[in-house]
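> What follows is each chain in one-letter form.
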Amino acid sequence: MRWLETLAWKPDLETLTDTSTLRYEVPSSGPVVLTNTGIPLDEVEDLLLDSAAYRQASRILLPKQRDVRGRPLTPLHGGHVGLLCTAGMLNGVFGEGENRHIAHWRSVKFTDHWEEEEEDGTKILHDRERFSHELTLVYANGKTQILTHEKTESE
Amino acid sequence: MKNAHLRFGWLMYVKSTEKTTTSIRLPLDRFIGEMLPDPPRQAKAHFISVIGGDTQISAISAAISMGDRFMIEGPEVPPTRVCLERSAQCFKGSLQLRERKKPLRHLIGLSEEFASGSVSANSGKTLLGAANKQFVWASIAHIYGIPGVPEWADWFADELKAHRAIGRALGVGCDPVVVKGEKEQFLDWLSWGIESDAISLPAQTGPIRWPNVSLKDIFLQAE
Numbered sequence: 001m002r003w004l005e006t007l008a009w010k011p012d013l014e015t016l017t018d019t020s021t022l023r024y025e026v027p028s029s030g031p032v033v034l035t036n037t038g039i040p041l042d043e044v045e046d047l048l049l050d051s052a053a054y055r056q057a058s059r060i061l062l063p064k065q066r067d068v069r070g071r072p073l074t075p076l077h078g079g080h081v082g083l084l085c086t087a088g089m090l091n092g093v094f095g096e097g098e099n100r101h102i103a104h105w106r107s108v109k110f111t112d113h114w115e116e117e118e119e120d121g122t123k124i125l126h127d128r129e130r131f132s133h134e135l136t137l138v139y140a141n142g143k144t145q146i147l148t149h150e151k152t153e154s155e
Numbered sequence: 001m002k003n004a005h006l007r008f009g010w011l012m013y014v015k016s017t018e019k020t021t022t023s024i025r026l027p028l029d030r031f032i033g034e035m036l037p038d039p040p041r042q043a044k045a046h047f048i049s050v051i052g053g054d055t056q057i058s059a060i061s062a063a064i065s066m067g068d069r070f071m072i073e074g075p076e077v078p079p080t081r082v083c084l085e086r087s088a089q090c091f092k093g094s095l096q097l098r099e100r101k102k103p104l105r106h107l108i109g110l111s112e113e114f115a116s117g118s119v120s121a122n123s124g125k126t127l128l129g130a131a132n133k134q135f136v137w138a139s140i141a142h143i144y145g146i147p148g149v150p151e152w153a154d155w156f157a158d159e160l161k162a163h164r165a166i167g168r169a170l171g172v173g174c175d176p177v178v179v180k181g182e183k184e185q186f187l188d189w190l191s192w193g194i195e196s197d198a199i200s201l202p203a204q205t206g207p208i209r210w211p212n213v214s215l216k217d218i219f220l221q222a223e
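Residue numbers (the numbering used here), protein chains in the order written: chain A, 1 to 155; chain B, 1 to 223.
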């Protein structure tokens, strides 16, 4: 370092030429191994869809159509059939001719809303939520119908 | 699969307090969101899936709970400011890699709107994780309780297009869509489709078998 400092103040410094008089060769080395210390994305991508988080989220991401197969051990009574229907386990094609239709049951949340007025003029707002069943039908002639526990206007 | 880095995006989170600034950048394998009209470029996030270490994932989970904003970017998605907003849900998992002692952590954040399908159904707008025709028809039939058969998927896709009821959403690692419409509207289309013989009821009576859809079917896979 000192030597370099003295060189800087030396008045008779040799001028630099196009070619150097001294050569400093870079020593050769063995093959270099590059190691990625980051996240191995290829491996992660293969494993991700089996992670517990995706398993939990799949119930939101994917449609869950009920598919019940098999034969009951004993004949089903009307009550059994009713329970299976309302649970959406017997969705399918029914009937003949004009009454041929596809039926789809599901549970739906209904909200009843009503207001009550106290003697002093205070208004109380009530909201009651409950689950009920809904049956949607599409007939062979194109007619559609939604049946719920509530009476239709024609009834 | 190879070249996963071409399909992954990034999620950036910066939190500044009086004394320190925390900055986290994590690989983002999937994202679903809706662009907001107001500038600057920002979106309502519905689905975020990230991987990272214990501390980083805990920080992102806490940020989601607090309703903080993130910056995301991915293939074909320029840097966008996103937020899952209030009442978001988080799901956590672990990934054990071959050459690592400690497992990687995986976090999925879901917006309240996306997590409760009923909210989507009541608002006349349904967000779906893929644009696949079979998946869209099966999802709409399931969410709205519409009677139908899987073979009507192509017809339903044409109806959505004809009524301009389907639009692309913002996605990384998937191809999400937004379907606009109410149950009554879809039933009207069905009614017209049957009357015009564009679709018909199956000849056989009996149950309707819907094909099983897995996550691999709906998310983009390497070619």
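Some hints here could point you the wrong way.
[Stated by the list, open to error] Below, computed lysine to aspartate or glutamate pairings styled on EDC-like, alpha-carbon distance capped at 16 Å:
1. B:K44 with B:E34
2. A:K143 with B:E195
3. B:K101 with A:E43
4. B:K15 with B:E99
5. B:K2 with A:E150
6. B:K92 with A:E25
Quick caveat, the hints were computed from the structure, so don't treat them as lab data.
> Output the numbers, in ascending order, of every earlier hint that fails for this structure.
The structure conflicts with hints 4, 5, 6, although it agrees with all the remaining ones.
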